[in-house]
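Asks: Chain by chain, the residues:
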Amino acid sequence: MPENCLYIARSSAIAARALAGEMMVMNSADSTFFTLNEVATAIFQAADGRTPLREIVRHRICDQFDVDPEQAQTDAEQFVTELSSHGILLVSTQPFASEAP
Amino acid sequence: MIAAVPKTSCVEIGGIPIALSTSDDRFLDLLRQRYEGFLSASPPEFELQFDLADMGPVSDDDVRVRRDGDDWLLSRGDFSARWNARTGRGSVRQNTNPYSLDSVLRILHSLILAERGGFLLHAASAVCERHAYLFSGVSGAGKTTMTRLAPPDITLLTDEISYLRPSAHGYAAFGTPFAGELAQSGENCSAPIAALFFLEQGPENRIDELPPADAVRRLMRNILFFAEDRGLVEKLLATACDFVMRVPIRRLTFYPDSRVWDTVRNFDCNYEPDSTRNFQEATEHA
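Protein sequence lines correspond, in order, to chains A and B. The first sequence begins at 1 in the numbering used here and counts up one residue at a time. The second sequence begins at 1 in the numbering used here and counts up one residue at a time.
These are calculated hints, taken from the structure and not from any lab test. We put the CB at the ideal spot given by N, CA and C, even for glycine. Just so you know, not all the hints are guaranteed correct.
Incomplete in silico selection of chain B near chain A, CB under 10 Å [as the list claims (entries may be wrong)]:
#	residue
1	Val-58
2	Ile-207
3	Asp-208
4	Asp-229
5	Ala-238
Short, incomplete list of chain B residues facing chain A, as computed with Cβ under 7 Å [to be verified]:
#	residue
6	Pro-212
7	Ala-213
8	Arg-230
9	Val-233
10	Glu-234
11	Leu-237
12	Cys-241
The following block holds chain B by itself, in its conformation from the complex (with noise of 0.2 Å):
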């Protein structure tokens, strides 16, 4: 019997391109379709094989991400994956359902990521005059609903799942693929933070300030994070304590109707980014 030989798609999400292999002609065309916008010709920096078989339904509850030496095991009842970091190469047991696909992917992000100084953070995004603006708070808060009620010239990168890496300036915000309510993959695309809002409802449009260890604990409670590794951890705590003290972060009440992205557009009015910020530095614990 002769192997299937195995077809590969390069996926460049954050500007991070990842190979995608499977010897399934429908697969491949599946995750060809789900990333149509990201599909890259870029030498991909890792490497995963995906072996489609029979698994468990797909659930959010029973994530595990650990480590094994070099290798990080992802599991849940839809997927088992084992990824070597050092070698950048992993295989991926799934069945064929696309949110299986996205989860192993986010996952695989997320560990990328953290090594990186970067986050998957649960926040709407969106670019406005070259600037990108993030949406974040508990479900219902209204990430779906800013993204509805941008403006023709808003530029979508995400209605669930904003991706973030630091830059020369700040943090660079990355459109991705992974779509929420709105059903709609993000544009492939990047752009400066100029802020990120943690959103409730009210009846009238504000922003306010918020301390920064309650921008931490905010910015933590919404990163999405699997491992249960101390060293990524705390890489990841670094990493939040720094964004903190280079991005505005604030909580913006808002009325849900357009007028909200005249505040948004004003914040970005008054916003300096070489201004200098209240904050003490962040100081690793010994």
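Only chain A is shown next, with the shape it has when bound in the complex (with noise of 0.2 Å):
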């Protein structure tokens, strides 16, 4: 799947909350829970359905951070897959319908 395709949203099922400078995240089919850095937060407050990945990371992540953006790419990516994985959020080639909730 070619990097710069990806689309990210947060799924409807889930509950955040941010707390203390971190964001937690439940999903509420199956009550998994989970706590999100800095980074990871700014990733999954920008998953609107409509902005490819690679923006993100460069706007969201390079810009704001320290990272090396080769780097940040490869983890954003895998973050991606891993809360994708668990229902979090929803990864699709094509931008989303209509805007994340």
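Can you join these two chains into the complex? Each is in its own frame, and there are hints to help.
Replies: Below, the structure written as structure tokens:
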């Protein structure tokens, strides 16, 4: 899958809450619970279903955190894959029809 | 054939009176004995009608709670129930096993509490000098041990399921009849919560801070909640964050002898309910 074609959206089945600088995410379907660090939170919050992941990494990660762009892209894809396997994020090669909730 | 007239007992746990009706006299006796310290003359807020039937054996594995419009459908091998959140009325089919009755009531209370900013927590709780202390942790961490080690002036609220509701100055813990290994009902009383301790056993007694996110994670892991419903999960997560901001949550490493209660009492001496807590405001994610 070409990495520049990935779009990500937050699942409608999750509840999320920010506390003390960390994002807590819970899947209402199976009650799995995740705590996201600052970088992961930035990706999660930018997951609007319409912005390509590569653009999110460039503008929300590389511009704001001191990271190597290629490494950031690799880490972001790994993060997205993991969260999608738990039903937290939806991933597609096409923009999603409507904005994420 | 003349149908038996249902008889009713009102059971009030956590300040929420629920009328339990059945046509079976023996079952009525059973529930009156089981909830003896929690029977109430208050006007019931909610009602459950029990219809006794041959059901499967008691099991903790396959409980399902899902919404069907205004109705909540509760099912497990040993019971099935439908309860309407709008009218507050519902019906239950179950066998005469008191554990099935306990389970139905716990689930119903968890649904009611979730809407009211409270929750049931897998934790022992007790009142010491007018303040409630909660002891939670994985199975075997020491919840029942803490209650067994409690000195005589401690009032047991529960050794298994703590009942928590928001109050004017934080949160309050209520006694419950839901007993664990101790097989002893809690006292029907309540007190403002001074602290929640997550238990770990070790060579000495000590209390350590927990980062807020860690506290929320541990809290969510131990909250009794069964509903597959996003709206209620959102409320529960918001409640957990609020609880973490308003109630001191610590890790209590303890050596299992009575001196651990001295550690708990000393924590009480140092606790200032009105002190400013260094937590960032919880914000809802859009």
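Asks: Could you run down the list of hints and mark each one as holding or not?
Replies: Status of the hints after comparison with the structure:
1. Val-58: 22 Å, violated
2. Ile-207: Nearest chain A Cβ about 20 Å off; hint violated.
3. Asp-208: Since chain A brings no Cβ nearer than about 17 Å to B/Asp-208, farther than 10 Å, the hint is violated.
4. Asp-229: 6 Å, holds
5. Ala-238: 6 Å, holds
6. Pro-212: 4 Å, holds
7. Ala-213: 4 Å, holds
8. Arg-230: 4 Å, holds
9. Val-233: Status holds, d = 4 Å.
10. Glu-234: With Cβ-Cβ at 4 Å, under 7 Å, it holds.
11. Leu-237: Given a least distance of 5 Å, the restraint on B/Leu-237 holds.
12. Cys-241: Cβ of B/Cys-241 sits 5 Å from chain A, so the hint holds.
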